[in-house]
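Starting from the two chains in their separate frames, assemble the complex, guided by the hints.
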Amino acid sequence: MLRALYTAATGMQAQQVNIDTIANNIANVNTTGFKQGRAEFQDLLYQNLRPAGTASSASTEYPVGLQLGLGTRAVATDRMFRQGDFRQTGNALDLVIEGKGFFQVRLPSGELAYTRDGSFHLNAEGGVVTAEGNPLEPQITIPADAQEIVIGSDGTVSVTQSGQANAQQVGTIQIAGFQNPAGLSAIGGNLLTPTAASGTATTATPGENGVGRLNQGFLEQSNVSVVEEMVNMIVAQRAYEVNSRAVRVADDMLSQINNLAR
Amino acid sequence: MGDSFIDTYSALDARLKLLDAYANNLANANTTGFKRDFGHIFQNEIGFEAGTQIDISPGDLSSTGNELDAAINGPGFFVLDTPEGPRYTRAGNFALSSSGDLVTKDGMKVLSTSDSPINIGEGKVEIHDGGVVTVNGNEVTSLKVVTFNDATKLQKEGVSRFAWNGSPNGVQAVSDPSVRGGYLERSNVSAIDEMVHLMTAYREFEACQRALKTLMSDMNSKLVQELGKLS
Numbered sequence: 001m002l003r004a005l006y007t008a009a010t011g012m013q014a015q016q017v018n019i020d021t022i023a024n025n026i027a028n029v030n031t032t033g034f035k036q037g038r039a040e041f042q043d044l045l046y047q048n049l050r051p052a053g054t055a056s057s058a059s060t061e062y063p064v065g066l067q068l069g070l071g072t073r074a075v076a077t078d079r080m081f082r083q084g085d086f087r088q089t090g091n092a093l094d095l096v097i098e099g100k101g102f103f104q105v106r107l108p109s110g111e112l113a114y115t116r117d118g119s120f121h122l123n124a125e126g127g128v129v130t131a132e133g134n135p136l137e138p139q140i141t142i143p144a145d146a147q148e149i150v151i152g153s154d155g156t157v158s159v160t161q162s163g164q165a166n167a168q169q170v171g172t173i174q175i176a177g178f179q180n181p182a183g184l185s186a187i188g189g190n191l192l193t194p195t196a197a198s199g200t201a202t203t204a205t206p207g208e209n210g211v212g213r214l215n216q217g218f219l220e221q222s223n224v225s226v227v228e229e230m231v232n233m234i235v236a237q238r239a240y241e242v243n244s245r246a247v248r249v250a251d252d253m254l255s256q257i258n259n260l261a262r
Numbered sequence: 263m264g265d266s267f268i269d270t271y272s273a274l275d276a277r278l279k280l281l282d283a284y285a286n287n288l289a290n291a292n293t294t295g296f297k298r299d300f301g302h303i304f305q306n307e308i309g310f311e312a313g314t315q316i317d318i319s320p321g322d323l324s325s326t327g328n329e330l331d332a333a334i335n336g337p338g339f340f341v342l343d344t345p346e347g348p349r350y351t352r353a354g355n356f357a358l359s360s361s362g363d364l365v366t367k368d369g370m371k372v373l374s375t376s377d378s379p380i381n382i383g384e385g386k387v388e389i390h391d392g393g394v395v396t397v398n399g400n401e402v403t404s405l406k407v408v409t410f411n412d413a414t415k416l417q418k419e420g421v422s423r424f425a426w427n428g429s430p431n432g433v434q435a436v437s438d439p440s441v442r443g444g445y446l447e448r449s450n451v452s453a454i455d456e457m458v459h460l461m462t463a464y465r466e467f468e469a470c471q472r473a474l475k476t477l478m479s480d481m482n483s484k485l486v487q488e489l490g491k492l493s
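These protein sequence lines are chains A and B, in that order.
Note that my numbering has the first sequence beginning at 1, numbered continuously upward.
Note that my numbering has the second sequence beginning at 263, numbered continuously upward.
Pulled out of the complex, with its shape left as it was, chain B reads as follows (with noise of 0.2 Å):
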């Protein structure tokens, strides 16, 4: 076997890898503060590999009136208190707990400028530009909202959330970030984008497979003549 099959071999099989993260920003098309990761196809010493990175460009904002939604509007994210650590999101679809912390749908707390949760208690909720959230029209906390210096270190974890794999000093709280209330910020995923990306791939894998499909007769037919000369 020569180079040639495995090189064929293994660029149909980066595609195929490239399908399962087309298909899954597709899946998440309408998913909350999603972040697509957008794939590419590299190559190494023995062929070809894929790999993928996460593209945070932002979503579309869309308006929907709900008092505890929230949305960044430019770079940053907001800051959940897991039994993991500290992990990330730009899902700003909050809700209040039965002790009235704000949380995320899966309960994670979203920590204030002060690193502590935030309890709202019952009355008005409004969150305004720079995250800050008041009660009743009086002033309780802001929401913490944090960058990071790489975003590649950054590493999806599921249930929008993502991890941070840098240094500690790799994160820096944002100052006066621009938190839109009564927003949330759509999935970054177009799906025409994300068709065409499918689709070219799928064709690829078409070529790749054409190839490997004649270098494998190929190889028969000459296994074949080159037995028949043993004989």
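Okay, chain A solo, but in the shape it has when bound (with noise of 0.2 Å):
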């Protein structure tokens, strides 16, 4: 009989998940380079009270079994990496990956992070840099008297500088890719960092190795749809409505079998 209640509270503690994942893909619909997240389930265990093919005489056996489930639970959240939107913004330090990968960061702890996020800035020594100030890595200065800077598809940097007619290059923005990027685990900051589901850090150029190519002048927006988030919302609201309203019915039931005696 209890099984029933804790069986639609698992129900109704998977719905919470949910509507957290959702609040934060909501929360996050205008953050450059946000990947929408996922709340995934599993059916929990199995009581199997009697198992199909148990005999129900000496020549004859029950065709079907009773097994009870005893509810659900979250699994996972998943990162789904579809791409997001471009978004023309003309800043020379806007950089989108157009297909798979990351850019590399250099955390202040010394450690790699990294993000899809593509809004550099210069710091004071002329460093690219996020807008947290984490340095790119490899790291590219631009030189102060720059005038223009300009980023190729294959990540190769290069700025005109003053009184010269010719472009140098300073750098290469080098993509780092994943074996399982769903794998990676956020730290906010709009960072990741690897773990061992998602494997190690391979960094190629720009377009090679499955890397995807740069884009300048550009941001990818979040990849989050307010619509398909508001329909998962009502969804999640209904299944945990219709979960409390499993508990009521067996806290009556429970109630009725205590008025047996009286």
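Chain B is nowhere near these chain A residues, computed Cβ spacing over 10 Å in every case: (1) Ala58; (2) Phe86; (3) Gln104; (4) Leu112; (5) Asn123; (6) Glu125; (7) Ile142; (8) Ala146; (9) Glu148; (10) Ser158; (11) Ala167; (12) Val170; (13) Thr193; (14) Gln216; (15) Gly217.
Here are the simulated BS3-like cross-link-like pairs (lysine-lysine), alpha carbons at most 27 Å apart as the crow flies: (16) B:Lys371 - B:Lys386; (17) B:Lys367 - A:Lys100; (18) A:Lys100 - B:Lys371; (19) B:Lys415 - B:Lys371; (20) A:Lys100 - B:Lys386; (21) B:Lys415 - B:Lys367; (22) B:Lys386 - B:Lys367; (23) B:Lys491 - B:Lys475.
Please keep in mind that the hints were generated in silico from the structure rather than gathered at the bench.
Remember, predicted model here, so these are calculated numbers, not experimental data.
The beta carbon of each residue, even a glycine, is placed where N, CA and C say it ideally should be.
The structure is reproduced here in structure tokens:
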């Protein structure tokens, strides 16, 4: 009897996880390079009260059994790496990766982190950094007297300095690819770090070895679709509702059993 | 105590089991590839009993656009290599392992038509009709899809997996399965139907409870009368 109460409770918990994920998606609908999350569920264990095929008499057997499930659980929050829409900004240090791969940035701790957010800036020393000030890896420094910055689709960064006619190459942006990008762990600030499941990063020149090409002057918008999230939210809310209803029915039945002996 | 008492009690107990089954269906209303259990009640020599059977009717397919999602549009199950042997699933929300194999969300390898794990490596993965897997446009392998000659011999193991209890001959590979990449099969639980089943079981339970109460008060008063006669 108590099974139904706990089973329905697992359903309610799972829908809470679902709503949490949807809320985070909606909150990040305007976050550059954000990738939509999706909560995934699996059914829990089953109690085999009477397996199918057990004998119902010496010569006959039950054709079907009695298997009672114990509910559901959230097994993963998956990240959907669908390409987001491109938005033209005209800013020379705004980059999108057209295809797979991540920009590599160096954290203050010295570790590497990965991001799809290509809105870069210059720091006081002329280094190319993220909005939070983490430098791009390998580091690229733009001379103070640079008039124009051009970044090619293969990642070559060249600048035209004042008084010079020809552009000069100052570095190359590398793109990191992962065997299993869904296994990366988000640490906030649009950054991802590798885990045992993601595998190690392999860096490549943009456009080679399966990683995407670069586009200058564009930003990748969040790939969250508000309409889809709203529909998911309605489904999750209704699922929550029916599970809470099942809790009430189970509770009612318990109280009726209590009423048997009066 | 007469037969009617045991009949009524077992009928009440059977409804409690049905409630458990329907609560589990409702809890999994959003579980990818979930198959609901339908409950039924039958009479045996001593009273009533509840039984469950897996309803393998298809769930709705919904488009996700995720390249590693696959759904079977029609009969059949994907085949997984687990430590306990082959297992079967309709949940096609696959992922890649750190070594580049196609796996389920709990890390079980998905098998190809040649019964080997599917190694993707790096590149753009696409799953086409017929279960064909391509990486960067080149055909790598095909997903194995099987059907069973007797669905009642399937047993649920949780974590979206099914085990086969019949003879090995009962498993047949589907030669040209209708597999859709970028789609997932939703749970085949309909919240409305499930609520109707739940409420029906509840009202039947209520009726049994009333009958049981009447029987008990009947018995009690008889007991008092008979005992009164003895003294």
